[in-house]
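Visitor: Two chains, two frames, a set of hints: combine them into the complex.
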Amino acid sequence: MEILKNLIFGLNIVLTPINLLYCFFGVLLGTLVGVLPGLGPSATIALLLPMVFHGNPVSSIIMLAGITYGAQYGGSTTSILLNIPGEASSVITCIDGHQMAKQGRAGPALGIAALGSFIAGTIGVIGLMLFAPVLAKFALRFGPPEFFSLAIMSLTLVTYVSRGSIIKSLMMAFLGLAMSLVGMDPITSRLRFTFGVSALMDGFELVYVAMGLFGMSEVLINLDKSMRREILEAEIKNLLPTKQDWKDSAKPIARGTIIGFLFGIIPGFGQAIPTFLSYALEKKFSKKPEKFGKGAIEGVAGPESANNAASSGTFIPLLSLGIPVNPSTAILLGALMILGLQPGPLLIKTRPDLFWGVIASMYIGNVILVILNLPLIGLWVQILKVPYSILYVLIILICQIGAYSINNDVNDVLLVNIFGFFGYLMKRYDFEGAPLIMALVLGRMLESSLRRALMMSDGNPMIFLARPISAIFLVIAIILLISPLLTRKRIVGEPIES
Amino acid sequence: MRSDLKSGIFFLIISLVIIWESIRVELGTFLSPGSGFLSFGIGLVLCGLSIVLILRGLKIRIYQKPISIRVILALISLFIYSLVLEYLGFVVPTFFLVLFLFQLGQRRNWFLTIGISLVVTFLAYFIFGSLLHVYFPKGILGI
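Read top to bottom, the protein sequences are chains A and B.
For the first sequence, the residue numbers in my numbering are 30 to 527.
For the second sequence, the residue numbers in my numbering are 19 to 161.
Don't take every hint at face value.
What the simulated footprint calls covered on chain A by chain B, stretch by stretch (three residues with Cβ under 8 Å from a Cβ of chain B suffice, anywhere in the stretch; the number is not a length) [unchecked claim]:
| id | region |
| --- | --- |
| 1 | 139-148 |
| 2 | 203-209 |
| 3 | 322-331 |
| 4 | 349-361 |
| 5 | 449-455 |
Don't read these hints as lab results, they were simulated from the structure.
Backbone N, C-alpha and C define an ideal beta-carbon position, used for all residues, glycine too.
Excised from the complex, chain B in its bound form (with noise of 0.2 Å):
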């Protein structure tokens, strides 16, 4: 797995679009910066520094553990939970994130951690709901 290989052309694709925009947002000039001035500075150097990040990520070799399944489940629980939560309002959502996550840290028995997971979703929107008056997405299911 070469990492530095990787991030170094992410981060060049990065910079030649901050290049791209700069100029077509105009650059000005000394006299007279434009909107685009000190981006497309910014956007050479970090094409610059992409490079050496490339040739050094072609030299040099660094093992990378692969990403433990266990953040790709959260992630995906996470972005999920966010997409799902305008819909479905805030506490079924809520409480299948919690439920999901504690499994997710440490298999635990079934039942206490439902049980858990509904004292922690009722405890959150009681506190932020209820008493810091945050007004949770309701959804379709009303609640």
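Just chain A, same shape as in the assembly (with noise of 0.2 Å):
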């Protein structure tokens, strides 16, 4: 009953027109990012950061959540019509997907893209009701020696999931860590880290980093690549899967969703990693797995439920700790501190407006995106073909203006043009983005919560390993940054995902 009454409280805070606004402007750019290849959805909240300081708390956030899962809508249609994915997410629904439209199945590809979508999206939100609260109270019990470890867990797990050389990413998640702490110390009072520039005093501020790393270089790595693409036209009909379509996909959506939605939870593994193993399992349950890059339809059901559950897991960890899972909810949490909102255990208690606003806004979001996406469908393939080379502009321009009217400070465009160029050259030499700024997120409370522990413990590590909770953590970190010594698989590094 507590909870149906939170969320009715939540369904008042939402229900007003400027937050509805506010939903509607979030899903739509999260579907249209979604369908644009290239830029992705931590790009495009990268991007909108700017707006939030100009907003009120509760409707910039619902806005920024709502560009997170409506970009796991999106992807799919490019998949399935054009054989583009949209976003990492939806790459797997390629095989599957376009091969349907080929054999004139496009319509019923992606009625159960969106109808599978809604489904897990709306499970998802409302496993997020249930389980953040609960983990919220549980840790409370978290003292600094818990935080750091968690902490710890946290970066490890993103490093060990990304792509590519874990050298590389372990050296990004470091240069994070190292960068956070920037500007003046909090304990001691001391500047560190400034050279003098008084520009770092207050430290590298994430809307600039994230901008510059995740909005401009991906559109400075786009402009490397050929920029004409193939538009197939694909006639469309029938986007109703039929009574044989729903028995095929009942199943691989329920699994796809609880696969997408424990995953999403997981820091590191984020939306994409639970397509691929609702794929392998989907094709593993199957009584006629040769159907499967033949266009089965199970394999567009499956990972696209996942990618949608997840998306509504990552948010689990990110308003019950404080603990972001991948970019998109990295930089989300720092849209939370830029707002004054301290995210942890306490902010579903003192912000329940914020908790319940959030998630009340994600019921009406998923009912948006599931009535907005089927009829929009043409006007999605007609903006694709807006060619990149007039869209990369705009984004670009969007971004300049973005970063100046933060502080009315030409400066801070210079600033994200250098994160741009940094973030470009980090992509060619394959250092991935994630880790640094998931640390660069997490840095400040994990130094402080490092220093508050050994202050408890009278200067005695052991307290981490003392504490059974952070032990847990500790370990299981250990434990990630040591099985590719033994196994000797990541250490050159070949990417898990391609």
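Guide: Written as structure tokens, this is what we have:
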């Protein structure tokens, strides 16, 4: 009953014209970036971060959240129709989705992707609503040692799961940590790593780093590639799946939802990896595995449900622990901090309007998405026809103006461009941005909990192992760090997803 | 092109700077960790990882395509833009940036791109400046 009361409280917040508008814009933008290859949700949230400074906190977070889950809807459209994944999490949808389209079944493929997404997304939000408060309550027992170990484990997981060489990912994580320490030391008020540059006194602000590393660099990397895109016209009819389609898809949707949701909660996994797992699982469970790759609807229904459930799952650690699990949630966490909110176990208690408002907005957002998605598919295909050579100019311009608008300072524009250049080099030399941005966001918390824990224990570092919860986190982190050494698999670094 | 070698050396320098600065701001002890306590550890690990990367870079040669001229030109134009924005105001530099980037993306008819760039600049000024109240720099030209 308590939950129902809270949900109605949340709905009252969302169902105001201004918040509905923010929610609508969020999911619309999310779908749009989902459709557009080469612009991911984290880049978009980064680019839109400056807006947070001008709007009210709840509305802003509702919109930014809308982008993350909205993107999961849009990604499938281009995978199915054009064989171009809009997002990493819809790469796998290409395999059977595009085959279905080729066989004239684009309609049911799009239909099941949208409806599966809706079902999974909604169940995911229910899970989020039930789990997050429980986890937050549990985390109230956490002291500095637990938070330190939790941050270490999260960073290790992100490093472990990210693509490419684990050494490079570790280096990015450590660089991010070092960057987070720039500026004034909160305990001794001493300046460090500023090298006499006054601009560094407040440290590296997440907004500029994220805009540059994720926003600008993505545009620059795409400049390297061919700007021409082939658009195939496919006739779309019968969007609603048949009875047989539903029969085939019901179990994959259910399994995809569970996999997506569970992996979404774990730092590092994000939305893409659950889709691979779901696809593999469906193929294994199928009575006719040979159908896969030739237009099996299960191969669309499972993964598309998984990525939506995952994006709900990612909000659990964010809202209940203040721990981000992927770049999108890291930037969202940054947005919360910019808004003056204290992410952590107390957030749900101190700002119920934010928590329940965002939860309620996700229910509404999912409904808007399923209504929007199917009728607007024609429009999304039209937008894809806008040449990238025009689109990229607009993205760059919005980024420059956005950076300027935060403080009306041209130096910020320069800063974003410098980070954009750095991000471009990073991508070129196969360094992943995710560990860096996560470390940058978590660094301060990690340092203060390390120092406070050591003071608590009179300088005995064993405190991290003596407390059971902290010990579990650390042991997981250590196993993850050692395992590649033992198997020698990830050291040289083959990408685990392509 | 030994890309790992280059990035390894870059990170090695960064890590040495981190170590040096950590020592300067005081390491402290386990009992009372100082401002440079965590960063010293970070610097040491980063240093170690850089050395591994350098060693790997010496062994493995990976062919890396040179940075495309398009990216270099885009970056140069963006840096020039951020440097002149204050002095020349929003309108003129934005127009030239947009025009240049349009042509860089794909060679098109000049009249057409000048037209589009004017429209884009005006729209940006109108939407952000007038509707969203961003106070753009006016510069010596007053616009």
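Visitor: Which of the listed hints are broken here?
Guide: 1, 3 and 4
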